[in-house]
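For the record, the sequence lines run as chains A and B. According to this note's numbering, the first sequence is numbered sequentially starting from 2. According to this note's numbering, the second sequence is numbered sequentially starting from 52.
Hints are all accurate, no fakes.
Once the Cα atoms are required to be at most 35 Å apart in a straight line, the calculated DSBU-like pairs of lysine-lysine come out as:
1. B:K94 / A:K302
2. B:K94 / A:K36
3. B:K54 / B:K85
4. B:K68 / B:K54
5. A:K254 / B:K60
6. A:K254 / B:K85
7. B:K85 / A:K302
8. B:K60 / A:K36
9. A:K302 / B:K91
By construction, these hints were calculated from the structure, which means they are not laboratory data. Keep in mind that this is a model prediction, so the values were computed, not measured.
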Amino acid sequence: MISSGDTAWMLVATALVMLMTPGLALFYGGMVRSKNVLGTMMHSFMCLGLVSVLWVLFGYSMAFGPDLGGVIGTLDWAGLSGVGMDPGPYSDKIPHLVFCAFQLMFAIITPALITGAFAERMKFSAFVLFTILWTTLVYFPVCHWVWGGGWLGKMGALDFAGGTVIHINSGVAALAAAIIMGRRRGYRQEPFYPNNITLTMLGAGLLWFGWFGFNAGSAVAANGVAGLAFFTTHVATASAALSWIIFEYIIRKKPTSLGFASGAVAGLVAITPGAGFVTPLPAMIIGFVAGMLCYFAILAKERLGYDDSLDVVGVHGVGGLWGALATGLFASVGGTGLFYGNPHQFLVQLIGALAAIVFSLVMTSVILFAIKKIVGLRVEEEDEVQGLDQSVHGETGYYLT
Amino acid sequence: MKKIEAIIKPFRLDDVKNELQSIGISGMTITEVKGHGRQKGHKEIYRGAEYNVDLIPKIKLELVIPDSMTDSVVQSIVKAARTGKIGDGKIFIMPVDDIVRIRTGETGDVAI
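Same shape as in the complex, but just chain B (with noise of 0.2 Å):
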């Protein structure tokens, strides 16, 4: 089992969604992210004051399939992801020891 770790634009959010629900993907966990790698941020101005802005938001998008997914679902978010500018992203792909159900009880590639 693997878990992809996505950090996307957030206006990309909803196509990356169709495109994971497309190939039979349907759990996920969103959270709303700070940070930057080589996109700059953005100046405020207060008055005299000027800020530089360079934590950006994004969408942190966390899912975890069976290994034999991997290709298809890292290849999806790519394409849905992608605008080609910079600051659209990363993937990061772990593996994951052991998964459990907690309404059943269940172990493994069932409790996905």
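Bound conformation, chain A alone (with noise of 0.2 Å):
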């Protein structure tokens, strides 16, 4: 029976999820120098349009289509082959199809995260191919593990709205990436300065807003886990803002905005996958740690010396590490965590966060070796110091006299 509140509110939350994929087009976008502002922003863009269609084909049948042996999920689905306006499997109360959607815009999401680790320097060919491969060999299998029916959800692994299979799995994509594809021309000798944080400030805005989508929609419903999910979401980012900003001030003396921003976005990573298993106290506990810790990992990729250009790794597999990690702590509401006498969950929480990280290297590291073969990986030379936006685009996005 479709509740027409639950459905009401599902179809409002994938539309603020839909929100997150621009908003990270300008969060990553303002980062970039002047002259990659329009590539940069692309890489977001282009998810939109190709996740869309791999999702309608196949995505979304062997992400939550009928389990085949717990790793993935069976064709039978492909082209929505009965998906439609009646319930599914996944909730009695709203359409298949609004399931489908809001689902189709975490897809999207993951794969545009992961593009701030190659950010200046990728072919539009190789990006293109890497988004298609990476969506359909990592995405939908890890997807389905957590929530299609597969072995990691079974385990009872905690993961309200995506800390493993969005957050983490990105995150390590982005490290193999960024180790993959090498330094950008001038890392380290040259300044790199952003382009616009006030881009960067809107975009980081634009997440928090449609985070309430992501998290609180992951309720599959609109009931009080969701109320939960919306107050945490918003308490661990507040909290994580502030941390990085603090530890920022003790370590450079300077609270900056991309700090505020970033930690923001770090404490809205780190509370998905506890947002509706964990109350309000421990979501700031949680946000405060992920602002410190993730402020501490993008001061390491300093001396590490790989580039990853927008800190993904920093923020998204961190921050993605340690809500999984505290949800398996702090988890209280509709499962049990360590603090709260149950340390099988942190163990399961660990296992399934090593599953995920194994998986996104060795997956991720292989396709990005296949498409270095086949296509290569970078622009010429002469293109990465000319700029994305002219080299690839034939564009500009700033003319300013």
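Assemble the dimeric complex from its two separately framed chains, guided by the hints.
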């Protein structure tokens, strides 16, 4: 029996999650040099195009279709066959197509998150191939493991809105990508000034806003759990943003706006797996620790020397891992964590995180090496110097005289 | 004839212009430039990266004047542009061989 309240909320939540990808385009677009602002924003927008098509053809079926051995969905629902206006197996209160649309928006933003790692140097053809292959071979399977009736979900791993599926997965893929792609030309030899931090602030605001759909929508109902997830999302984000600039102020003596925006995103990432399982005070602790951990992770990157252009590893990888483990510590609603007497949950969270890390690392590396053989990964040096906006897209982001 | 090229702090420009007008100088060319002498720049922080921005925005003011006005023009600029803090700028004085007013073809002092 379809509930009009649940359906109305899920339609809105779906639209909110959709808005996160343009928000991410702004968040990332503002951080690159002015010659790459359009190329970087295009990476996010292209995911809206590419993944939507994959989703209808076979993606939804691979991720959520009838389970095959706990690892992948069958192709029974390819072309969305049988997925229509009646409720499906995931909720009897909303049309199956609404659930399918909601999950599509998650599939879109995940590869878009990775693009921050290879910003300012990737060939467009290589990027398109990567997005298609990675979404098909990494995202759809891992999504199935946790939410589509696969082995991680059956084992009892708690992932409310995608900490493992989306953030650990994309963060680890970003690490592989940053290492295999190599550094940007001039990295650490010349300053890379962000072209427009105001865009990044606006993007962070849109991400924060859209994330209410992401997390509260993951209740797949307009109910108390959705309200809880909404609230924990907000306070975890607030405390993570504060924590980032506090540690930034202690170490560098300046509380930066980019730091506040980055901390907010770190908090959003970290609360994602636990949003509907923890209460507000633990959510603030999760957020505060996330802001600190992610800030130190981006400082560590400077020492490690790999060029993860927009800190996908430090924010999504580290924040996602912390969030997955923290859910195993603080869960007290609809699940029980270590601090509430269930150490087993922490172990399950750890196994889930490790499985995603290993799978994503191996698969992403294989995909990137294959693409390197087929079309090559990087633009020509001359094109990189000129900037992707002109050399790849034939446009200029800013004409200011 | 002399060409005066002065590098000054941008926020002193209006005072310098007023001062020059008061001694009868009306023509000048202004450019926004970046550079530094002894003045240190500032530090910018973007996540883990720290950059020293040492090229500071300045205004370059160029004007050509008759020899007789050199001292008064230089004094006016010094008076109006000085804050007493490091980074106030410099004035360069150069000889000019000739001037041609394109509209009329006049040359020399009358073309100024």
